[in-house]
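Trainee: One-letter residues, chain by chain:
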Amino acid sequence: MKKTFETDLLVIGGGAAGLCAAAEAAGAGANVTVIESDLHPGGQLVKQTHKFFGSRDEYAGTRGYKIAEILLDEIKSLGDKVDIRCNSTVTGYYPEDGVFTVMKGEDEYYRIKAKKAVMATGAQERMIPFTNNDLPGVYGAGAVQTLMNVYGVVPGKKVIMVGAGNIGLIVSYQLAQAGVEVAAVVEAMPKIGGYWVHAAKIRRLGIPILLRHTVVEATGDKVLDGAVIQELDDKFQLIGEPVKVDCDIICMAVGLTPTTELFWQAGCKMQFVPQLCGYVPFRDKTMRTSCPDMWVAGDASGIEEASAAMVEGRIAGHSAAAALGLKTDAKKFDEYWTRLDHLRAGEVGEKILAGIGQVLVSGWEA
Amino acid sequence: MGCSCNCLDKEKLFNSGILVEHSTGAVLPPKEAWEKKKGGYAVIECPKRIPCNPCYTSCPTGAVLPFADINDTPEIDYEKCTGCGICVSRCPGLACFVIDLTYSDDKAVIKLPYELIPLPQKGALVKCLDRTGKEAACGEVIAVTEPSKDRTYVVSVVIPKALADDIRAIKVVC
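Quick note, the sequences are listed as chains D and V, same order. Residue 376 is where the first sequence ends in the working numbering, and the numbering goes up by one at each step. Residue 1177 is where the second sequence ends in the working numbering, and the numbering goes up by one at each step.
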């Protein structure tokens, strides 16, 4: 196909950050194209059946999938400014001529030339190594949530959850809601990583959280029939006796890594920041990267909560619209930053801020 | 030194989500007023700072005090708390309860958030669970409401008054 499709603003990723960036930029008058690899827009929001934290501005108290609906309604209200293309993946970026390549489905390939781009590519789940971790029945938490909350499929009868961050705690609760027995949540650290209230909520349903424990082996012939768990000392060395727990699912919620291939391909200045969970692009306060026509937002800029991802999306969309020469309200930009600062003022925020401090530049050289 | 409590166990329990003692963000109402207060008071168990404030923004009487910072833990003005239970249905962390100690000589009522199936019916007997999920008593459901019409139900259960600071969940027996 020779034809190259042209757009003012390309938003890569139709999740929490991408949809907010698209809505914000389109609200300022930009013509926006959103490329989303999934079959429907909304990213992780569509599988979040729990109510969100944060303040009213970030839809606190609203269930995640409802927030996706609110954002899509906002986009719809802007008329035909935003073109959301699902089942489409940006496969490459070629800085020499500024062309993005896209695969729609498995056989349609085309090119996009965009004046500006917001890259809200999200994150990938991490896995941990243990014997037989390729047995059917070993899932990532995202897959379990997709099965249960998008497709209505109960993934199994009894699960061992690995990881007590917010995802591990929330997905454990959702499994309990679906009638799945959660045998235990195992967590290598000496305390839960997620919000304390999420842990309290599953503990009072009788779900144990075993701190300083890990899974060392999955058992089973063709499919999973159990997990071997073991205690860890304060240097993460195995101690005590391994214990076999019967289960048909091991669900891993052991962290996320920003998805950054396109930033590398574009030649953005990158740095490994442990607090942000991987390599992330340098950015200024407008979320602009070292490539002047590219912005970053959401988990791709560092693993954080959906509430922060949405605000970052607003900032990136606002700034990209301004760079397109559109009129934007400078006050809104300050408001968004005030909101971000509030969201990051807690304990978890300290770590995030320390990470961002390593990649935030005061301004790019012209 | 001279400390007889098992601090390490307590710390370990708290670090895994069990409230072991009342502290900022997780206090009990003043005993004397609480024992006489018809309709009960809100009991919030949110001891860690997180960016969240729906308990404050949804409280219709202003009993949950304003947050200077969205990460503040909640504080309650008991003069203003009517025990309405709106916070029970609105808290994203399911950390708000209402406990009414005036039900009878030896029974109290706890209004707790419920998002599981099956939904208990009024009049049903349910297992009452403590903060670790252990069965602590049997209780009767006297009301089931959905104040915010958002699938977070508020279930009112009659429990032994002596266990008012223990029972925090129910299990429906089929």
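Simulated from the structure, these hints should not be mistaken for lab results. You may find that some hints are simply not true.
Derived lysine to aspartate or glutamate pairs resembling EDC-like cross-links, with alpha carbons at most 20 Å apart [to be verified]: (1) V:Lys1015 / D:Glu357; (2) D:Lys168 / D:Asp235; (3) D:Lys201 / V:Asp1012; (4) D:Lys123 / D:Glu79; (5) V:Lys1034 / V:Glu1149; (6) V:Lys1130 / D:Asp235; (7) V:Lys1174 / D:Glu191; (8) D:Lys76 / V:Asp1012.
Trainee: Next, verify each hint and record whether it holds.
Mentor: Here's how the hints hold up against the structure:
1. For the hint linking Lys1015 of chain V to Glu357 of chain D, the alpha-carbon distance of about 19 Å falls within 20 Å, and the restraint holds.
2. Straight-line distance between C-alpha atoms of Lys168 of chain D and Asp235 of chain D comes to about 10 Å, which keeps the hinted pair within the 20 Å bound.
3. As the CA atoms of Lys201 of chain D and Asp1012 of chain V are separated by approximately 13 Å, the hinted pair is consistent with the 20 Å bound.
4. Restraint check for Lys123 of chain D and Glu79 of chain D: the C-alpha separation of about 29 Å exceeds 20 Å, so the hint is violated.
5. Simply put, Lys1034 of chain V and Glu1149 of chain V have alpha-carbon atoms about 29 Å apart, too far for the 20 Å limit, and the pair is violated.
6. Proposed proximity of Lys1130 of chain V and Asp235 of chain D is contradicted: the alpha carbons are some 31 Å apart, above 20 Å.
7. Between Lys1174 of chain V and Glu191 of chain D the CA atoms are separated by roughly 14 Å; this keeps the pair inside 20 Å, and the hint holds.
8. Distance check on the hinted pair: Lys76 of chain D and Asp1012 of chain V sit about 40 Å apart at the alpha-carbon level, beyond 20 Å; violated.
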